[in-house]
Amino acid sequence: MNLNLDFSVVLERWPSLLEGAVLTLELALIATVLGGIVGIFGAIGRRSGHPLISGICGAYVEAIRNTPLLVQIFLVYFGLASIGLQLSAVTVAALALTINVGAYTTEIMRAGFDSIHRGQIEAGEGLGLSQAQIYWHVILLPALERVYPALTSQFVLLMLASSVTSQISAEELTAVANYIQSDTYRAFETYIVVALLYVLLSLMMRAGFFALGQLIFPRRRRLGTAL
Amino acid sequence: MGGALNANHLLFLLQGTLWTVVLSLLALGGGGLVGFLVALGRVAPNRGLRFATAGYVQLIQGTPLLVIMFLTYFGLPAIGFRISPLAAAAASLTVYVSAYLGEIWRGAIESVPRPQWEAAEGLALSRTQRMFMVILPQAIRIATPPSVGFFVQIIKNTSLASVVGFVELARSGQIINNSLFEPFHIYSIIAVIYFALCYPISRLSRRLERRAGQPRGQALAPA
Numbered sequence: 004m005n006l007n008l009d010f011s012v013v014l015e016r017w018p019s020l021l022e023g024a025v026l027t028l029e030l031a032l033i034a035t036v037l038g039g040i041v042g043i044f045g046a047i048g049r050r051s052g053h054p055l056i057s058g059i060c061g062a063y064v065e066a067i068r069n070t071p072l073l074v075q076i077f078l079v080y081f082g083l084a085s086i087g088l089q090l091s092a093v094t095v096a097a098l099a100l101t102i103n104v105g106a107y108t109t110e111i112m113r114a115g116f117d118s119i120h121r122g123q124i125e126a127g128e129g130l131g132l133s134q135a136q137i138y139w140h141v142i143l144l145p146a147l148e149r150v151y152p153a154l155t156s157q158f159v160l161l162m163l164a165s166s167v168t169s170q171i172s173a174e175e176l177t178a179v180a181n182y183i184q185s186d187t188y189r190a191f192e193t194y195i196v197v198a199l200l201y202v203l204l205s206l207m208m209r210a211g212f213f214a215l216g217q218l219i220f221p222r223r224r225r226l227g228t229a230l
Numbered sequence: 016m017g018g019a020l021n022a023n024h025l026l027f028l029l030q031g032t033l034w035t036v037v038l039s040l041l042a043l044g045g046g047g048l049v050g051f052l053v054a055l056g057r058v059a060p061n062r063g064l065r066f067a068t069a070g071y072v073q074l075i076q077g078t079p080l081l082v083i084m085f086l087t088y089f090g091l092p093a094i095g096f097r098i099s100p101l102a103a104a105a106a107s108l109t110v111y112v113s114a115y116l117g118e119i120w121r122g123a124i125e126s127v128p129r130p131q132w133e134a135a136e137g138l139a140l141s142r143t144q145r146m147f148m149v150i151l152p153q154a155i156r157i158a159t160p161p162s163v164g165f166f167v168q169i170i171k172n173t174s175l176a177s178v179v180g181f182v183e184l185a186r187s188g189q190i191i192n193n194s195l196f197e198p199f200h201i202y203s204i205i206a207v208i209y210f211a212l213c214y215p216i217s218r219l220s221r222r223l224e225r226r227a228g229q230p231r232g233q234a235l236a237p238a
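Residue numbers (our numbering), protein chains in the order written: chain G, 4 to 230; chain W, 16 to 238.
Isolated chain G (complex conformation) (with noise of 0.2 Å):
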């Protein structure tokens, strides 16, 4: 036993773990745009009465939803390159995530468009709206509106899963702290340390979200009124 900790060789790192927590956010980011439109348009497939369409989509989401991360990225990563494409290990690694999200994110909208009454769509059809309009002011927003905490939540676990691209070096978080504690010897600290990060860094997107939120949804309604 040892007991000595030392977390100041690991907090003088400190631009290498901000660098690290940046790229994390910014993975994330991508990620939770891109996967959010695959979302949006994979909820609307699975929705259309086309069974090939609405087939293929489910088939993208149960086969993104039962299998683990770190194998779909090794899949990404060596199928890219087993094509001949050879992409930096932060593309492969934002492209990834944006397959995995964008499965959970069709999920997840599937069940908002499915919340959304009929009488709604009725009622826009006996106004005139368009095919068009009523499917952005009728459905896809007040879906989105209520669906939202479920999608904010689904990020913040994007966010943290997006650790497991270290696996092919990309170079966030999780990979920093493996080359500091490789440097330093400190593996405890070093660890300690990330993960406080790691919970900072999700406070930090859920009062994102929670402010985007009120700024996006400013009547804010009550939560499974029927509407």
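In short, the hints are calculated from the structure, not lab data.
Derived DEER-like restraints, expressed as beta-carbon distance ranges: (1) P152(G) <-> R218(W): 24 to 30 Å; (2) I86(G) <-> L20(W): 16 to 22 Å; (3) R50(G) <-> T143(W): 47 to 53 Å; (4) V25(G) <-> R218(W): 38 to 44 Å; (5) N23(W) <-> E29(G): 39 to 45 Å; (6) R218(W) <-> I119(G): 23 to 29 Å; (7) Q73(W) <-> L132(G): 42 to 48 Å; (8) Q131(W) <-> S118(G): 25 to 31 Å.
Reference excerpt, derived from the structure (chain W facing chain G, CB under 8 Å, subset only): (9) L74; (10) T78; (11) V178; (12) F199; (13) S203; (14) A206; (15) Y209; (16) F210; (17) S217.
Using N, Cα and C, we set each Cβ at its ideal position, and we do this for glycine too.
On the provided structure of chain G, position chain W as indicated by the hints.
Okay, now just chain W, sitting in the frame of chain G:
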């Protein structure tokens, strides 16, 4: 080395699959036990206990499993505790799973209607009797579908034990790949095996949910 994928490789993958199942069950058992205590702590009358368990859940849910894994496997030996890959993986997963299952079960306990508590109190049952004889039997029915859904997350998350050198399914794939170097091919097989493990459980969870008339949605966590 080199050569083609043969029966020995498949046998090795099967062995890895077995360890994935063992590790998942260990994580479910350990995480379930600790998670149950966390859930009880979250609804305890004692404010300090509620506060401590809530802090625990916040901390663990704000930390990636991978970092917990590294902290256990590399961090503990650095301050003098030697630990095997299996023990490190099982301990990390137990901690991780307990925070999520604890929250799922707290939700289930709190969703038992309030009058059930009051009726049990009116029958002069003690707090322990109320919890174990009235509330928990009903909470279990509510908690079953999301808990089964979360078991899928546990199976997927055991793949991260590969980073501390525990030879489960993902790691045995990496080992085979080191000799054959056909990564896309091998990881596709690995993905199919994980899918075969997880998909039936996902289906079961959804069927249970529909039967319970609960809103849809698996416990959400990518990994």
